[in-house]
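Visitor: Generate coordinates for the entire structure from the input sequences, incorporating the hints supplied.
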Amino acid sequence: MEATVLLPRLKADRRHDIDALRAFAMLLGIGLHAALAYSGKPWLVVDSRQADFFYWFFSAAHGFRMPLFFLVSGYFTALLVSRRGLWAMLGNRASRILVPCLLGLATIVQLNVKVGDWAMGWNMRHPGTPLTGAVVRKENERIAPLLDAGADIEQPETRLKMRPLAWAVMTGNDEAARLLLERGADP
36 MEATVLLPRL KADRRHDIDA LRAFAMLLGI GLHAALAYSG KPWLVVDSRQ ADFFYWFFSA
96 AHGFRMPLFF LVSGYFTALL VSRRGLWAML GNRASRILVP CLLGLATIVQ LNVKVGDWAM
156 GWNMRHPGTP LTGAVVRKEN ERIAPLLDAG ADIEQPETRL KMRPLAWAVM TGNDEAARLL
216 LERGADP
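Residue numbers for the sequence shown follow the working numbering, beginning at 36 and rising by one.
These are computed hints drawn from the structure, not numbers from a lab.
Among the clues, some could well be false.
What the hints assert, rightly or not - Below, a list of computed lysine to aspartate or glutamate pairs in the DMTMM-like style, where the Cα atoms sit at most 20 Å apart: (1) 173 / 217; (2) 149 / 217; (3) 76 / 189.
All values reported here derive from a predicted model rather than from experimental measurement.
Guide: Dropping the structure here:
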């Protein structure tokens with residue numbers, strides 16, 4: 036028969052060192068999200084001036100922050116279980132994580148979806164190039180003449196930096212996607 040191993044009660048007061056580490060990781064998140072605009076990766080805000088440094092900074096910061104958050108969370112969860120017990124920890128986590136998550140789901144996420152739909156609609160009504168416009172509006176009869184007239188099949192539009200083939204896929208325009216691929220678009 037196995038003996039049950041009891042976890043020792045941790046007597047640590049507030050851990051200011053771990054709080055400082057967590058605060059540093061949160062502040063690093065500001066730089067991380069600001070760097071996304073200049074990294075060349077798809078993001079809500081994209082600047083025309085981009086540099087590889089920002090992508091590398093984003094990758095390094097993200098690769099450091101997320102494991103750190105899980106590590107710190109695991110430490111504080113173990114601390115909470117040892118001090119108050121499993122059920123008190125579950126209640127604490129529900130009130131501190133589940134309730135805000137549900138409130139955000141009912142409010143912020145809904146607003147984000149509405150704003151995203153509005154922004155996507157605006158971009159679809161104001162495409163950056165004639166070829167992109169034809170693809171987005173599903174004016175497929177205009178695509179071949181535009182390409183024959185010299186339209187660059189790989190030219191991204193100015194706002195989201197998406198090429199015509201990406202717009203064809205995103206808008207579900209299969210006919211345009213096939214035509215662009217037949218004409219040599221880079222998949």
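Visitor: Need the list of violated hint numbers for this structure, in ascending order.
Guide: 2
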